[in-house]
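Undergrad: Residue numbers (my numbering), protein chains in the order written: chain A, 1 to 515; chain B, 1 to 515.
One or more of the hints may lead you astray.
Simulated DEER-style distance windows between Cβ atoms [stated by the list, open to error]:
| no. | chain 1 | residue 1 | chain 2 | residue 2 | range |
| --- | --- | --- | --- | --- | --- |
| 1 | A | 60 | B | 144 | 53 to 59 Å |
| 2 | A | 348 | B | 285 | 51 to 57 Å |
| 3 | B | 408 | A | 285 | 50 to 56 Å |
Going by beta-carbon spacing under 8 Å, a handful of chain A positions derived as facing chain B [stated by the list, open to error]:
| no. | residue |
| --- | --- |
| 4 | 223 |
| 5 | 232 |
| 6 | 332 |
| 7 | 334 |
| 8 | 338 |
| 9 | 462 |
| 10 | 482 |
Calculated from the structure, these hints are not laboratory results.
Note that the structure is a prediction, hence the values are computed from the model and not measured.
Every residue, glycine too, gets a C-beta built ideally from N, C-alpha and C.
Below, each chain spelled out in residue letters.
2 protein chains.
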Amino acid sequence: MFKLPKNLFRPLRPVFRPTRLYSSVPLTAETYKDKVSINDKFKKLNDSDIEFFKGILKDESGLITGDDCLGYNEDWMRKYRGQSQLVLKPRTTEQVSMILKYCNANNLPVVPQGGNTGLVGGSNPIFDEIIISVANLNNIRSFDPVSGIFKCDAGVILETADNYLADNGYIFPLDLGAKGSCHVGGVVATNAGGLRLLRYGSLHGTVLGLEAVLPDGTIYNSMNSLRKDNTGFDLKQLFIGSEGSIGIITGVSILCPIRSSSVNVALLGVSSYEMVQKVFIESKKELGEILSAFEFMDLNSQKLVGQYLKLDHPLEDEYPFYVLIETSGSNKDHDDEKLETFLANQMEAELVNDGIIAQDESQLRNLWSWRESIPEASTMNGGVYKYDVSLPLDDLYSLVEASSERLRGEGLVDFEDGSKPVVEAIGYGHLGDGNLHLNVCVREYSKSVESVLEPFIYQWIQEHKGSISAEHGLGFQKKNYVGYTKNDIEIKLMKEIKHHYDPHGIMNPYKYITA
Amino acid sequence: MFKLPKNLFRPLRPVFRPTRLYSSVPLTAETYKDKVSINDKFKKLNDSDIEFFKGILKDESGLITGDDCLGYNEDWMRKYRGQSQLVLKPRTTEQVSMILKYCNANNLPVVPQGGNTGLVGGSNPIFDEIIISVANLNNIRSFDPVSGIFKCDAGVILETADNYLADNGYIFPLDLGAKGSCHVGGVVATNAGGLRLLRYGSLHGTVLGLEAVLPDGTIYNSMNSLRKDNTGFDLKQLFIGSEGSIGIITGVSILCPIRSSSVNVALLGVSSYEMVQKVFIESKKELGEILSAFEFMDLNSQKLVGQYLKLDHPLEDEYPFYVLIETSGSNKDHDDEKLETFLANQMEAELVNDGIIAQDESQLRNLWSWRESIPEASTMNGGVYKYDVSLPLDDLYSLVEASSERLRGEGLVDFEDGSKPVVEAIGYGHLGDGNLHLNVCVREYSKSVESVLEPFIYQWIQEHKGSISAEHGLGFQKKNYVGYTKNDIEIKLMKEIKHHYDPHGIMNPYKYITA
């Protein structure tokens, strides 16, 4: 088998800390007591329930109670904390089915959980919902090296899947910073986007089949599906991006592309956002089929990364914007020539002011780290309000400027000396997908900052015909704001689907869509 | 604006004849009287219904009655004929909404129709259902040359859309033989696959938003969606491939890629199906990101095309199998070098016996015609039983051999002299997608031939874990065979969705899935 280097693509990853104890994270139910209250129709968990679950799981290590649940109750941003007293970690799809059937019959609410790396509070309970973790469903089921079809359990870690595929000359069609912790099932359940979407498209196109357990215990299984199968409604699509609201994904079948043998990365300094857009159009024309990432970052995001990494920026002078371009292809000489010609053309046309191309893998990792470290650098002063939005490209960066201006107008911002609650609003993201990450970096979470940001940001997005969630999902954070992106009929139809599959509302309650 | 040549890709297209009168096509209700009977709970169309529709449409030309409905009652294969006495051709989405609302309230069954180029009898009535044609919804709505997002009415002809995109340097991410007749809405409603799926993926990944009218008249609209939008269930996915069973698609928003400036085509002669598979694996590795088609054809299919085109085959000697490879890229020199090196390697490894590369556009069209003319060549002796299946690659061609053997065992086959009802079972298709087209070319349609083929072929596919419909859909032809591909739970869940959206069952009855 033709082998390609592993881990060629992503350099640094955020360090996730799901099991570490953070006593200071306030309870979600307290922080948001004006927005959410417990649904009294749910049954309270009791000892006989726990005995029943013990009987299903057999293995004692699959059942966690009391204070040991903390790592599962909290999210990695330290923003949300639930109060679950029970975590179940089934080892088979049949166990998941028995658990859900019981919970559904007994009105016990549940929160499905994968790698717990979500960014909108979707994978943690609000009150005392039972957490069902798929971490113990972690087998790779099969791989066909002719077709590229890969099948695995939902709890397989994304990086494990990608390394396995690398050994076979293939690549997982999705990548993101949390790959060392997030699960394959979780990225499908949240329809994650990430760094390879520009090249390989969305999971709605690449996922071929799913195994999922419905609230009543029914096991839906389309894992046998081939690349093309036009025999009826494509039901699996409903689960992609459903955030645990209508069932628990337990298995995934996905089409994987051949791993490119040649990867190049360039980092460019650009004088304005208008120029960034022009460089993007030119890159689609000139780099065409080898373009695999087009990421942009603003100057403040790079300053924070510099502080976080304690390193000097690869480009000597400062520029208002930076662009990271990655190419992936099958012929290194051809790719080098395309990229070098492209960059020379951009410099000559004065669209790009300065640039650097990685000459080896270490430099490649280094350049990526200036994009990939932004999420961690954003939180290093205390915390971050994250907004992950889609906007028409023309308007994309204006949202960062509008947010910064509004925060400054309220006297809340100080980048340097630490006297104000907000460090700065920074912008970066997958320009190739029209996807902006607006991070408002703060020294502490506070209601006063949040009320300046929301609903202002959502209203701004609505006025500019964007989406309030490009890839992170709705979860708890954006549940009440879906109306800024979806119209009344869409919301009505979504509520009907929720009610159709989860009539008792036990699945991931208080989030996403409620019927 | 950077311009690229139009119509570079497809040479010959089947000649569609939807409005020509074929008095000899028997009524579907007669041919299949053992399989289907009229549902008496439906109301019979009367004069006051017609007056109501006239009031909605205003324009007289949008309402066709009596014998003038013939072209809409028949399919282009001359296999199915319905008995509708009314065709409605609304000009606005609101008119579609008013029509459906009335039909739903009055229990009047309807058949949505696009270009009427389907291959499974899905777009023609069985009895006297009202035909709702979207042919008059034919405006291009918008195109954004930065993002590549194209929006149009459902009735825009695929070729019209692709030519418009070509003028803007872009390409529609789907192509098929019927592009001169089929509609954009129709390809989405049937989840068509076609010739570009290998490169650009399925419509589930490229369609960004839809406008569709539900049976009760509700207008679902997600046309504003951007490349990424993770705010709730992706409801539009249910309509992709729903074959008019839960609503009528009236508008489509789709992400289009940049049109490649360089296109190459090669035709290869290969000594066995095993070698064909090996050449495919090597092509994925060596041609990687520029591979845009990998089609295979067997010898008999090429013999029929030779008779049909009255031409000598481009390759001098005969081979058991032929492979057509297309590459599309942004740099002609690079692409030429990749393709020539690849072919030299295949010849040296003795995987390929002979081959030819098109040197200009005329040769390129000529090579494609040996693949594209197969559907027409298949019918030239009278008719064709078409099976469009997905199978694991190993087993793909064995189905053709098994079918031919079975027909020969019954003494039904004669390729040359015309004394037997069957000419031959031939095989070709999109090998890159695991998609085989098995065409059983006949001199006339007959129950005796059909009963030898069905359910034999469906059982064979089930045993080999394939799909009985890779891209053509279920329609009327395969309605009763869905159980050979989908399991009981999948079918139950599909029936629930059908009932959820179409509780009275007025949408495209007797086909697809019935609740």
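Undergrad: Now look at each hint and say whether the structure bears it out.
TA: We went through each hint and held it up to the structure:
no., hint, in the structure
1, A/60 - B/144: 53 to 59 Å, "holds, 57 Å"
2, A/348 - B/285: 51 to 57 Å, "violated, 35 Å"
3, B/408 - A/285: 50 to 56 Å, "holds, 54 Å"
4, 223, "violated, 10 Å"
5, 232, "holds, 5 Å"
6, 332, "violated, 12 Å"
7, 334, "holds, 4 Å"
8, 338, "holds, 6 Å"
9, 462, "violated, 10 Å"
10, 482, "holds, 5 Å"
Checked against the numbered hints above, the structure breaks hints 2, 4, 6, 9 and satisfies the rest.
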